[in-house]
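**Student:** What follows is each chain in one-letter form.
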Amino acid sequence: MEPLERIRDRIDARFGSGAATLVPNPSPSAQHSLLLRSDQAAAIAAFLRDDAELCLDYCSNVSGLDWPAAGHLEVVYHLYSMTCRHGPVIIRVRTADRGPGAAAPSLALVWRSAELQEREVFDLFGITFWGHPDLRRLLMWDDYAEYPLRKDFGKGAA
Amino acid sequence: MDLASPPDASGTLPGVLCTTVETLTRWGRSHSVWPLQFGLACCAIEMIAASMARFDIARFGSEVFRPSPRQADLLIVSGTVTKKMAPMVVRLWNQMPDPKYCIAMGACAISGGPFHTGYNVVPGVDTLIPVDVYVPGCPPRPEALLHGLLTLQEQIRRRTFVPRPESPIPDYGPRDLIVSPPPHGAAGTDS
Chain W
1 MEPLERIRDR
11 IDARFGSGAA
21 TLVPNPSPSA
31 QHSLLLRSDQ
41 AAAIAAFLRD
51 DAELCLDYCS
61 NVSGLDWPAA
71 GHLEVVYHLY
81 SMTCRHGPVI
91 IRVRTADRGP
101 GAAAPSLALV
111 WRSAELQERE
121 VFDLFGITFW
131 GHPDLRRLLM
141 WDDYAEYPLR
151 KDFGKGAA
Chain A
1 MDLASPPDAS
11 GTLPGVLCTT
21 VETLTRWGRS
31 HSVWPLQFGL
41 ACCAIEMIAA
51 SMARFDIARF
61 GSEVFRPSPR
71 QADLLIVSGT
81 VTKKMAPMVV
91 RLWNQMPDPK
101 YCIAMGACAI
111 SGGPFHTGYN
121 VVPGVDTLIP
131 VDVYVPGCPP
141 RPEALLHGLL
151 TLQEQIRRRT
161 FVPRPESPIP
171 DYGPRDLIVS
181 PPPHGAAGTD
191 S
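Going line by line, the protein sequences match chains W and A. With the numbering used here as the guide, the letters of the first sequence map in order to residues 1 to 158. With the numbering used here as the guide, the letters of the second sequence map in order to residues 1 to 191.
Treat the hints with caution; some may be incorrect.
[What the hints assert, rightly or not] Over 12 angstroms on every C-beta distance to chain W, these chain A residues come out as not near it, computed from the model:
1) Thr23
2) Phe38
3) Gly39
[Stated by the list, open to error] Here are the computed distance ranges between Cβ atoms for each label pair:
4) A/Ser180 to W/Lys151: 29 to 35 angstroms
5) W/Lys151 to A/Cys138: 25 to 31 angstroms
6) W/Leu65 to A/Arg175: 22 to 28 angstroms
7) A/Cys138 to W/Glu5: 43 to 49 angstroms
8) A/Trp27 to W/Gly154: 46 to 52 angstroms
9) A/Trp34 to W/Lys151: 23 to 29 angstroms
10) A/Ile45 to W/Pro100: 39 to 45 angstroms
11) W/Asp12 to A/Pro174: 43 to 49 angstroms
Read the hints as simulated data drawn from the structure, not as lab findings. Cβ atoms here follow ideal geometry from the backbone N, Cα and C, with glycine treated the same way.
Chain W on its own, in the form it takes in the complex (with noise of 0.2 angstroms):
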């Protein structure tokens, strides 16, 4: 598979500078990814997905992420290749804040197995995901209303 710095730049040329930054990640995993522009976030998915060397036609994890500190919340997508074997390719959309409002685009309709993955993000991190086809909570009840796993649950501040 081509190198994340080529993704990037392709990805770049495509959406303009900017729509991708690279993350990287210093542990032995060394497991780089890539951070989306998110009001353009559905669009490169899409073309991650139908590109001819990439193929990423498929999305094996969805997950979500807190960071108090920096005052914003973020959703983690897995991307394998079935059609050309290889993968993972890591990408990142960012909320602008962890307000009530905090929202990110749904790449549901680009890759199905992240309906049901977004829907848990929503239920636990209350994040919005914008286009998402079914948002409603998956594991807790309706009428709930905290998020779980964000980092300042149960102290107080919800």
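Chain W is fixed; fit chain A onto it per the hints.
**Tutor:** Below, chain A alone, put in the same frame as chain W:
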């Protein structure tokens, strides 16, 4: 019955026949405990294993797993009771006819286990419904469940079970599950 009081004029002890019949009833009940076909988590796999040929719960008269609470005598709480599932567990328990019994199977059902302080786990099913036998383990082996069943059978033969009051069904609150204090108290009285 009152063995301490003297025999009546006819020379027989009062209540002897009734006592004998009740002993027979309890013996019969203890050997035909029908469990509810109901699993919650990985402990349910061990419960299923206990019902299959290798461990063969039929040896103890409990092979008839009923798919309806109306026909079941025993609720085996086999696994983690999540707060979202809690009202359904209590409803199933309330729908079972007396006499009815409950086995808490595994660490989660007993106390919440490793998820004791979890945001979606009930810290022990005995906060919701009365429990007769606790079977520890994570998960308990089928032999442990069979031992729990034998312990329950012994209790059934030894105790007079009083009808169980209806357990209050917990509500979903905006922050947590709202649980009313249980009215069940003691599981039975020694006779």
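**Student:** Indicate, hint by hint, whether the structure satisfies it.
**Tutor:** Right, here's what the structure says about each hint:
The Cβ of A/Thr23 lies farther than 12 angstroms from every Cβ of chain W, with a closest approach of about 47 angstroms, so its non-interface assignment holds. At the 12 angstroms boundary, the C-beta of A/Phe38 stays outside the reach of chain W, the nearest C-beta of that chain being 20 angstroms off. Non-interface call for A/Gly39 relative to chain W: holds, since the shortest CB-CB distance, roughly 18 angstroms, exceeds 12 angstroms. A beta carbon spacing of about 32 angstroms between A/Ser180 and W/Lys151 agrees with the range 29 to 35 angstroms that was offered as a hint.
For W/Lys151 and A/Cys138, the Cβ-Cβ distance of about 28 angstroms falls inside the hinted range of 25 to 31 angstroms, so the restraint holds. Between W/Leu65 and A/Arg175 the Cβ separation comes to about 24 angstroms, which falls inside the hinted range of 22 to 28 angstroms. Separation of A/Cys138 from W/Glu5 is about 47 angstroms and conforms to the stated range, judged on CB atoms against 43 to 49 angstroms. Checked against the given bound of 46 to 52 angstroms, the beta carbons of A/Trp27 and W/Gly154, roughly 51 angstroms apart, stay inside it.
Taking 23 to 29 angstroms as the suggested C-beta distance range, the pair A/Trp34 and W/Lys151 does not conform, at roughly 48 angstroms. Remark: the range hint 39 to 45 angstroms for A/Ile45 to W/Pro100 is upheld by a beta-carbon distance near 41 angstroms. Taking 43 to 49 angstroms as the suggested C-beta distance range, the pair W/Asp12 and A/Pro174 conforms, at roughly 45 angstroms.
In the structure shown, a violation is registered for the earlier hint numbered 9 alone.
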